[in-house]
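Below, each chain spelled out in residue letters.
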Amino acid sequence: MVTEAELALKVHEFLQSSDLKKTTNNIVFKKLEADFGVNLSDKKPFLRQQVDRFLQSQYPVSDDDDDDKLVLEGHGYDVVSDDDDDDDDDDDVGYYDAVPLFNKLKSVGKLDRHVPQNKEKTKRVCLSGKYCTLSPELQKFLGVPHMTRTEVVKQLWTYVKDKSLQDPDDGTTIICDETLRDLLGVDSITILQINKALTKHIIPRVKPLKGDKLWKEEKEEDVKPLKGDKLKKQRKEDEVKSLSKDKQRKQGREADMCGDETQEKRQRKVLSGFLAPLPLSDTLIRFLGTGETALTRPEVIKRVWKYIKNNRLQDELLGLVGEPDTDPVFKNHGLNMDVLSRSGETQEGALTYTPRLVSVNYQGTLGSMSSGGTLYNQIPDLPPSVATWRGSLSVQHSQRQRRNLFLQRLYDEEKIQPSGVENGHAGSQDDNQDMNIVQSLENDVHFWTDFSKVHYHPQSIYEVNGLWMDGQEFNNYGAGKDVFSEGFRGEEMNERLRFFLEECDHIQGIQFLVDDSGGFSSVAENFLQNIADEYANTPVMLFTVRDPRSHMCSTSRKRNISRDLHDAVSFAKLSPLCKLIVPVGLPSLGTISSYLRVNDAKPYHCSAVYAAALHSLSLPFRMDLSGPASTSSSTYGALDFNEIVQTLSGQNRQNMVTILDTTIPAPYLTGKPSEEPILGNLQPLTPEVSEGAEDMHSVETLVINGALQSEGHRASVSEVQQAISAAYGQAVLRPRFCHLSVATCPLPIPLPFPTIFSDTVSQSGQLLGTPNPDCVLKGSLDVHSIPMAARLRSSSAVLPFLSNRLENLRKLGIQRGALGGELLKTWGFGREEVEDMGETLAKMVRALDPSSDTSSDSD
Amino acid sequence: MSVRILNPNAEVLNKTEALSMNINAAKGLQDVLKTNLGPKGTIKMLVGGAGDIKLTKDGNTLLKEMQIQNPTAIMIARTAVAQDDISGDGTTSTVIFIGELMKQSDRYIDEGMHPRVLVDGFEIAKRATLQFLENFKTPVVMGDQPDKEILRMVARTTLRTKLYEALADQLTEIVMNAVLCIRKPDEPVDLFMVEIMHMRHKFDVDTKLVEGLVLDHGSRHSDMKRRAENCYILTANVSLEYEKSEVNAGFFYSNAEQREAMVAAERRSVDERVRKIIELKNKVCEGTDNNFVVINQKGIDPPSLDLLAKAGIVALRRAKRRNMERLVLACGGEAVNSVDDLTPDVLGWAGLVYEHVLGEEKYTFVENVKNPHSCTILIKGPNDHTIAQIKDAVRDGLRAVKNTLEDEAVILGAGAFEVAARQYLVNEVMKTVKGRAQLGVEAFADALLVIPKTLAENAGLDTQDVIISLKGEHDRGNVVGLNQHTGEPIDPLIEGIFDNYSVKRQIISAGPVIASQLLLVDEVIRAGRNMRKPS
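If you read the sequences in order, they're chains A and B.
Numbering of the first sequence is given in my numbering, commencing with residue 1 and proceeding in unit increments.
Numbering of the second sequence is given in my numbering, commencing with residue 1 and proceeding in unit increments.
In case anyone wonders, no lab produced these hints; they're calculated from the structure.
Any given hint could be a false lead.
Result set (BS3-like, lysine-lysine): computed pairs, CA atoms no more than 25 Å apart in a straight line [unchecked claim]:
(1) B:K184 x B:K148
(2) A:K163 x B:K362
(3) B:K225 x B:K370
(4) B:K202 x A:K161
Build out the structure end to end from the sequences listed, making use of the hints.
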């Protein structure tokens, strides 16, 4: 047994000789355990005490600027947040022990110095905050002569909330009413200016009082970043497609926050390190969004945490902090993220940020995610008591869906278990975990929720229950025929869509994604019909997305007939209900780019490619428009949703079937001698497209994001413009019109992105040399962003796609004695209706190819 | 077996196997649902794979939540769900009745009887029972002043099987009044005119009937009043937002001015519409402290909202389509599709319009209306599953009241009808049937008893005792049902236990049909199923 005296001696010896910037309590424990060869866990409190004593003796006062800088640089493990309510010491110990001792010096030193002072002051004034005298106007407004500044702002804010004076478009702006106008002398004011405006009304009176909480240390999350943002899997039937709120924005925000922290730290010093309500920087006020201009530090941390938790941003944080020189393109992306996402608030007042999305799928396809999302109602660990029935209760548990590693980690991070974080310090361990996660995603994705890190609004996810069919039976138009109209399903879906549309001031349009290879195409038809009735002037862009498996030929002839007919029927039925239809889904994605290795059997892989292309397409209508003629350094060629649709389909030809082309990752703008530049590299994602078709009337919208000029050099907007117009100039097949949109911000690769890149794709998406077909594949850990280009093309190249469908419909459905006639009848189509569909298709074919023989009386 | 030759992978079940599969499936489904039945049944809490909770005592909801795979069970489930669609209740009864028919048949088939004979017996028994139902029903006259007591009893009977008594009784009043509120003489009751709205807030007992309308959104402008009294209500379906015209794509403009001009012209026409509404407001509200509320089915964009707010008008956009109808029924006036020639006649009236905010959710209450023909049942509860369960119960209650109004008849409940019908079949009908079909009738008659049996079982009573004493009373000529508390016979008429006529009729007619189909299955072939199964 080791005596305490021995231990104390050893601790002092060890600390004398060690680098305090690196040493932590844990290291001390381990060292001692190793030295003495015994388990010292029961001595930990004693040891901690010894360490503190040593620190105090070494650095009685340590309170200069250097400290702060060091703290900031050592993000990896600075500061520990002591949650106000958290009295559980064990939890804190975890953090505390892992903090380098050097950082503790400060706190210990301060502790030493300021505790007595604090007591003294507490005796003198027993109010919190800084008591101020108010100006006569303000007195009139508030009805009291003195108040703390915090309280003033709070009252003011309550008033604003009560009267709902916030600008509905911009919550940070307050539209003054009579009373406020008198007080502040302006018509409208942003929360940022309020403080300033109030200054003249507030006269400091009593010296500030220190809060009664000890300042321990503050902590930012210390977990190795999980990169990236959510990825939408399109195979599921989404409506109101929404794409990633992206990383850049988060990073931008976090960057702001960090700036604030620095500022605060300085202020803290003035306030002797104790917790008085602190004035907050403007950015932080805006960030918190509650209008309070002063808060106690734990409160700030708490809120920031809440925000981070709610938005699953936590994992981005360190990524940013770790790379202080984050590529500026991410920060100045010039995109308006709110186009596809909404911010909201739960009943408890927590802020939320969720996609504007309604998703419909059958029951049991959500995996481990609850259909209500997790933001608005936390699922309790224990089933709650039943309030509505006094009789007996039987509980039926369906088998619990296991979260995969990725989701489990997101979940754990939300719970912030301090003990878990302690382990997380080791960087290598984290890398390992990331690797494991990527690995497990590769093999373990069963549901689209398995790789989605986004929180959804409870209105977003709708499960169709009571179908009693699985994907195999739900594979034709007839199967889904009554799904929408049965019960309250249609009603419910419409309601959900309405919820998101009601809050939009300017609805640009609706992106509607449907897997049209099965019964959902008739569900979609009904839904689109409703949308067309209800929101007549809102353009709908329809993506019919399929996974490669749906192209597999079956051995059964009957099945093939059913499939061919289904394809024709669903296309003919869906296309008239939207403004623009984009068929997406190749039989195989293997050839899409030599830099990608997509496994067709994995929907997870294909979705990633499609989602990336759709993400690019959404950029033009998400660009910040500062004015019609303004030029921005990060974006060019903003188009709103309606303009895109009109550009493509509104030309003289009125063709509304467009082809989606993409190149992922995009090659260098200038192109290496051996390679073609971007234009030549675009590959269609639309099936059954004729290649090299000459079409003088084609119209294109091209989106290029994050293009690279040459190795390591990101192309500026104007460079891209020049290069593309030059390329068009040289091209043999020139479209009649092409709209170009450029964004400098590349596609950030989120952690759950599948491992599909070849080894010659570099971290920032540069293409280094010709890929080796047998190389080790790279995933999100190695590739952080890639340049992309995507193009929508209204061209006669889509003719084969259309005429195949027309032919099938004629052959199998319309012809006398057609094989599929009976089948169509069971799907509920009369002969006339089938002929109408044939006519619809024929019209589309005629639009593109006037010479074609499209008379429907060919039988 | 010829299928085997064509497709060696086909899975074929022969006659006995097929039959036993069908019977087992029916019995299995019956077992799952039977504990649900009646006011002493078991409530089921379903905990999903992700931990989300569904609470239900409703057969319909339970079936839909189950992931049924057995084809026979799916057939039965579809019938039962159709039952709910048609009559609003009786899902559980249908399932256990079908299950019982199969069970009874099983006994006879084991003894070598051909299913065909049984099915013939079923058919005879079914017709006889339906006829008996006609005589057995208690007619109620629903004139201009319906007998509230009867409606109350029917609603209570339904609701008490879904919710605990106090809450059920509270909701009974609510659903009854709701249906009476929307009822128009000589027209079928359109239950859609009762809005069912929920708020996650307070407790189940705070559920109430709002005479008027509750909308699940609020005004989107900060200057609009949050509470207004004495309001004119304009129900409109007019777009008050700037919509891009069809030929508005960027490159059609030669310069920025042209574009600006185009936008301005579009804007003007929207403003014009807003101005017309404001004119009407000024006309009717001039000089009074009355308020003006616009509830629009289409969108209203911020500039229009601003204009309206400045004129002191409260405006809500994107109201539900159905709320347009409901509003007109609740407040009067009419829904307008154009703002040309607006007259004060189109306006409705509400004494009070106010907004209630819960987090990001806003609710607008339109209350104190004159002579409402539409109303809202506002369900409150602390969590989603409680709300969902109450909502299901309310829907069933509404259907029960509606059915009663339309059937103009009710059936004595608590198993009284089933016992009476059974006695009728055994004592009267069987004598008239010749040959082995008699046994089919007998099986049918015994199957009917499953309802009182299950009620007794769920109440923890001895089923044999109960059935014997019930049968005895019936033979003595007393129509009695089961007292769930004591197991003694009671008179449902005195206790006020009534079921819907149409629900019973539907059960009796649908059950045997599906049971017959299942009994007559000769062979089950499964082939070619796994063709497109993911690898």
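Restraint status (C-alpha distance of B:K184 to B:K148 at most 25 Å): With a Cα-Cα distance of about 16 Å, the restraint between B:K184 and B:K148 holds, given a limit of 25 Å.
Restraint check for B:K225 with B:K370, where alpha carbons must lie at most 25 Å apart: holds (22 Å)
Between B:K202 and A:K161, does the CA-CA distance stay at or below 25 Å? The given pair, whose Cα atoms are some 22 Å apart, holds under the 25 Å limit.
Measure nothing beyond the straight line between the CA atoms of A:K163 and B:K362; if it is 25 Å or shorter, mark the hint as holding. Satisfied, since the Cα-Cα distance of roughly 15 Å is no more than 25 Å.
Checked against the numbered hints above, the structure breaks none of them.
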